[in-house]
Amino acid sequence: MDLKSVMEADVAVIGGGATGIFTALDLTLRGLSVIVIEKGSLLSGTSGKFHGLLHSGARYAVDDKQAAKECREESKTLARMAPFAIVSRGGFFVHLKGEQDRYIDTFVNALAQCGISFEKIEVASLLKVEPQLTKEVDFAVKVDDMVLDPFRFFYSAATYAKRKGAKFLLRNRVSELNPSGKVIKTDKGDVKAKIVVNATGPWAAKLLRASGKEIELMPALGIMLVYERKLVHSVINRLRAPSDGDIIVPFYERSILGTTAQLVEDLDKIEISEDDIKLLQEQGAQLIPSISDLQYSRLYFSARPLVRGSDPRETTRDFQVIDDDWIISVIGGKLTTSRLMAESVSDLVCEKLGLKAESQTKSLRLSSAFESTPVKGSIAEEVYEPGMSLALAEEKISS
Amino acid sequence: MISVKGSADFSIPSIRILAFIRDPSRFAGCIPNLEKFEIKDENKFEALFKLELPSSIAVSYLRNITVKMNFELLEMQHQIFLKGEGRSAGVKITVSITMSVSGDASSHLKWVATLDAGLIEKLLGKTRLETVATTISTQIVNCIPSKLAA
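Heads up: the protein sequence lines correspond to chains A and B, in order.
If you count the first sequence from 1, position 92 lands on 92 in our numbering, and the numbers rise without skipping.
If you count the second sequence from 1, position 120 lands on 120 in our numbering, and the numbers rise without skipping.
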């Protein structure tokens, strides 16, 4: 759209990923006017380039119990909110012969401590259900991992937010942030907002630099390899301390092998090493041996931002909110907990604006913006258009 | 770049300690969390192992990083040099270790290691990287007598 005049809103959310969309939705439902500014299309950053896992919390139970409990609740909340976006249900953690046995007890005890549902599974019966799995498995537990299609989910959430009044300015870059005038300069014109939420993920430091602020971020890349066949029916996680190549996710008729953690200095100068891809394949083949004979059809990667903690002894945190008066930056976290992050940022925004309104996103029920038959009486009835594709959805969402 | 050093005394003849260190197939057994080991040449070997980072790294995906190193072993009298190049967390790593053994019926082992870990040093900070390097070196050295006793 062509912006001829200054647009105004209570809140400008910069970044159209999971956290940005949920923040826009949350604040809109609380009665605030919101404009989302995104340099690309929705989910063109980290949120659209992950492996699709809706964490049961099991992966974090040993090292980060708080995150594990949050994932346990939030995965259920998101699955209830948009069951149409769930691609597959159920996951297994499998332990391989020769690996540290003591980690099994540590893991199982941690699941119990975090209240995460699990069930010990006979290896023989698991191998019947997942025949591609290595015969080296000697212990397995079933957990409530799920796979989520982020595009179905977040385009539907964005469509609902728009229906409720949020505006989306897509393919629109921010060139300057002016805290004194409370103005955001963008390619398509100025946006005036009482508060800005910086939800740009690994680009957060770059955006803040536009307002003269400095924070130190170190992006960590995660590489994912896509195989054009369904190697597994459920999510297969390796039961060991989190490391490279320890998850295989069924995504519709494909399989996604993830992931790595690679430190990079500059997001604009990323080079993927053949050695790192080979390492990922080797680790994946330990779970699914046929991977060593398969060629991946494509690879993709996304960056997770690591933030230096306020405590100098703490180098990084999973998720941080930096309140810098006009600009609130929300950095890091997981897609599974993006609603919760957005709720806490929205609470802060409302407090700063003196608005007493509760978040409504937890009990929200969405319908797919893509479904061919809308559910009677659902939100989809309001937004449904036959044959809606991603491109059409984006066009509809763009203000 | 960091540099760490240490020493250890063993009531084992130095000749046995030296023989152990200069044999990659035995020495590699002392690398903690070793996943894969392959002798490439008489003096060259590849090792793949997991390295546990300190709990101050709050993100789970960086707590256990995979390290893949190619080592070359060079020997001069009572000194052994181990030169390594590899990758971890997408970062190029180089390491150079000098070990010297003295004594007769019992032995005194001294080691000095220099490590260039690029962004991993930036992530951890110099002091914590030194702690990690010292810990792993000490684990390896302390493992030697148990392997010789076995």
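Check each hint, because a few of them may be wrong.
[As the list claims (entries may be wrong)] Covered by chain A, according to a simulated footprint, are these stretches of chain B (three or more residues, beta-carbon under 8 Å):
1. 62–73
2. 84–93
[To be verified] Away from chain A, derived, C-beta distances all over 12 Å, residues of chain B:
3. S11
4. I12
5. R22
6. I31
7. N33
8. L48
9. K50
10. S55
11. A58
12. Q77
13. H78
14. G103
15. D104
16. A117
17. E130
18. L148
If you are wondering where the hints come from, they were derived from the structure by calculation, not from laboratory data.
Note that the structure is a prediction, hence the values are computed from the model and not measured.
The C-beta atom is built at its ideal place from N, Cα and C for all residues, glycine as well.
So, going through the hints one by one against the coordinates:
1. 62–73: holds (count 6)
2. 84–93: holds (count 4)
3. S11: holds (31 Å)
4. I12: holds (28 Å)
5. R22: holds (27 Å)
6. I31: holds (15 Å)
7. N33: violated (8 Å)
8. L48: Nearest chain A Cβ is 8 Å from L48(B), so the label is violated.
9. K50: Not fine: 6 Å to the nearest Cβ puts K50(B) too close to chain A.
10. S55: violated (8 Å)
11. A58: For A58(B), whose nearest Cβ neighbour in chain A is about 5 Å away, the distance does not exceed 12 Å, so it is violated.
12. Q77: holds (35 Å)
13. H78: holds (35 Å)
14. G103: holds (35 Å)
15. D104: holds (39 Å)
16. A117: violated (10 Å)
17. E130: holds (14 Å)
18. L148: holds (24 Å)
In terms of the numbered hints stated before, the structure departs from hints 7, 8, 9, 10, 11 and 16, listed from lowest to highest.
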